[in-house]
Amino acid sequence: RNISGLLLSVHSKKDYFILQMIDGSVKATVDNGKGPISAIYTPSDPYFFCDGQWHTIVAIKTKNVISVAV
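If you want the working numbering, it's the position in the sequence shown, counting the first as 1, plus 1220.
None of these hints come from the bench; they were simulated from the model.
Computed cross-link-like contacts, DSBU-like style, restricted to lysine-lysine with a CA-CA straight-line distance of at most 30 angstroms:
1. K1281 x K1234
2. K1283 x K1233
3. K1283 x K1247
4. K1254 x K1283
5. K1247 x K1281
6. K1234 x K1247
7. K1233 x K1247
8. K1233 x K1281
9. K1234 x K1254
10. K1233 x K1254
11. K1283 x K1234
12. K1281 x K1254
Derived CB-CB ranges, DEER-like:
13. A1289 x S1232: 19 to 27 angstroms
14. R1221 x A1289: 21 to 29 angstroms
15. N1222 x D1251: 20 to 28 angstroms
16. I1277 x K1254: 20 to 28 angstroms
The model shown is predicted, which means the values in this text are computed figures rather than measured ones. Yeah, the Cβ is synthetic: ideal placement off N, Cα and C, and Gly gets one too.
With the hints as extra help, turn the sequences into a complete structure.
And the structure:
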């Protein structure tokens, strides 16, 4: 089991969106040219996502706020 890794990365010359797991936490980072903003979801168990099941992650960016729902 690996609790860290890149889940999704989309970028252009100025903008990017990255979704990653870092030590069991899910981190979404977005930059639309005005500097990066991030949101992190940290479950109580770092192996919460390493259970052999599919999980749904939703990241929503509204102006300068990003939200992550698991």
